[in-house]
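S.K.: As they're listed, the protein sequences go chains A and B. Residue 6 is where the first sequence starts when you use our numbering, and the numbers rise one by one after that. Residue 22 is where the second sequence starts when you use our numbering, and the numbers rise one by one after that.
The reader is advised that the hints may include incorrect statements.
Claimed, not checked - Simulated crosslink set (SDA-like; lysine to any residue; CA at most 20 Å straight-line): (1) B/K41 / B/W31; (2) B/K41 / B/Y121; (3) A/K64 / A/R41; (4) A/K105 / B/V134; (5) B/K62 / A/Q11; (6) A/K61 / A/H80; (7) A/K117 / B/S127; (8) A/K61 / B/K87; (9) A/K105 / B/S127; (10) A/K61 / B/Y123; (11) B/K87 / B/T38; (12) A/K64 / A/E20; (13) A/K105 / B/S75; (14) A/K105 / B/T52; (15) A/K105 / B/T78.
To be verified - Restraint-style ranges between C-beta atoms, simulated for each label pair: (16) B/T101 / A/E20: 19 to 29 Å; (17) B/D86 / A/H80: 43 to 53 Å; (18) A/P44 / B/G122: 18 to 28 Å.
Hints are computed from structural coordinates only; laboratory data are not their basis. This one's a predicted model, so the numbers in the text were calculated from it and none came from an experiment. Backbone N, C-alpha and C define an ideal beta-carbon position, used for all residues, glycine too.
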Amino acid sequence: TQLLEQSPQFLSIQEGENLTVYCNSSSVFSSLQWYRQEPGEGPVLLVTVVTGGEVKKLKRLTFQFGDARKDSSLHITAAQPGDTGLYLCAGPAGSSNTGKLIFGQGTTLQVKP
Amino acid sequence: GAVVSQHPSWVICKSGTSVKIECRSLDFQATTMFWYRQFPKQSLMLMATSNEGSKATYEQGVEKDKFLINHASLTLSTLTVTSAHPEDSSFYICSGTGPYGYTFGSGTRLTVV
Numbered sequence: 006t007q008l009l010e011q012s013p014q015f016l017s018i019q020e021g022e023n024l025t026v027y028c029n030s031s032s033v034f035s036s037l038q039w040y041r042q043e044p045g046e047g048p049v050l051l052v053t054v055v056t057g058g059e060v061k062k063l064k065r066l067t068f069q070f071g072d073a074r075k076d077s078s079l080h081i082t083a084a085q086p087g088d089t090g091l092y093l094c095a096g097p098a099g100s101s102n103t104g105k106l107i108f109g110q111g112t113t114l115q116v117k118p
Numbered sequence: 022g023a024v025v026s027q028h029p030s031w032v033i034c035k036s037g038t039s040v041k042i043e044c045r046s047l048d049f050q051a052t053t054m055f056w057y058r059q060f061p062k063q064s065l066m067l068m069a070t071s072n073e074g075s076k077a078t079y080e081q082g083v084e085k086d087k088f089l090i091n092h093a094s095l096t097l098s099t100l101t102v103t104s105a106h107p108e109d110s111s112f113y114i115c116s117g118t119g120p121y122g123y124t125f126g127s128g129t130r131l132t133v134v
């Protein structure tokens, strides 16, 4: 069974601090996605990583895909209150092209001003 | 960009009644849509895959007679929670696969009293 394990599950930090969220699996994924979700809203795609070792940057957010394509990380530099939300990693479920996604448990981030 | 419109955004219903949630792809055709359920501060759990013109496929443990899915057109999928009970209270989210990948609706907060 494919599982995506995210850590930490909860993170409360002060504005300006840096943080890293991890998404780990024992399974190989063809790609992984990161989403951010605000309360009462659906998830919004931040990035998709597809190549082992790939690093993508989105302003203060840096995403990395592990060389073996079993893990990914999200690093936020100088966090701001606007970064507060639920961060989810997700990957294609199974080997067949069903289009299904499996999600990690999520990381709830609170950035205090 | 691809937009998925989900309605209603919130609904309160009495125990024993049925509630219909609509999910529309506004600017793309979605032969497949996915329905998720999410509890507070938790991740998304896939409930079922909605296939245009054919029966939905349900994940293990999801009652197909309780969560009726209809996907009659390429732009509309509906989820009907039948004979709702308080334990069905949750946040329901749909998603469609558009030209830019997965696009999620804004979710429906269902409260059964």
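S.K.: The structure should be examined with respect to each hint, and the outcome stated for every one.
M.R.: Evaluation of the provided hints:
1. B/K41 / B/W31: Distance of about 11 Å is within 20 Å: holds.
2. B/K41 / B/Y121: violated (27 Å)
3. A/K64 / A/R41: Since the Cα atoms of A/K64 and A/R41 sit roughly 15 Å apart, the hinted pair holds (cutoff 20 Å).
4. A/K105 / B/V134: The hint is violated at about 32 Å.
5. B/K62 / A/Q11: holds (13 Å)
6. A/K61 / A/H80: The given pair, whose Cα atoms are some 11 Å apart, holds under the 20 Å limit.
7. A/K117 / B/S127: violated (25 Å)
8. A/K61 / B/K87: Since the Cα atoms of A/K61 and B/K87 sit roughly 42 Å apart, the hinted pair is violated (cutoff 20 Å).
9. A/K105 / B/S127: Holds - the C-alpha atoms of B/S127 and A/K105 are around 19 Å apart, at most 20 Å.
10. A/K61 / B/Y123: At roughly 19 Å apart (the allowed maximum being 20 Å), B/Y123 and A/K61 satisfy the hint.
11. B/K87 / B/T38: Holds, at about 11 Å.
12. A/K64 / A/E20: Holds. A/K64 to A/E20 sits at ~16 Å (cutoff 20 Å).
13. A/K105 / B/S75: holds (17 Å)
14. A/K105 / B/T52: With Cα atoms ~13 Å apart, A/K105 and B/T52 stay inside 20 Å; holds.
15. A/K105 / B/T78: Given pair A/K105, B/T78 holds - Cα atoms ~11 Å apart, limit 20 Å.
16. B/T101 / A/E20: 19 to 29 Å: violated (44 Å)
17. B/D86 / A/H80: 43 to 53 Å: holds (46 Å)
18. A/P44 / B/G122: 18 to 28 Å: For A/P44 and B/G122 the Cβ distance comes to about 23 Å; the hint holds.
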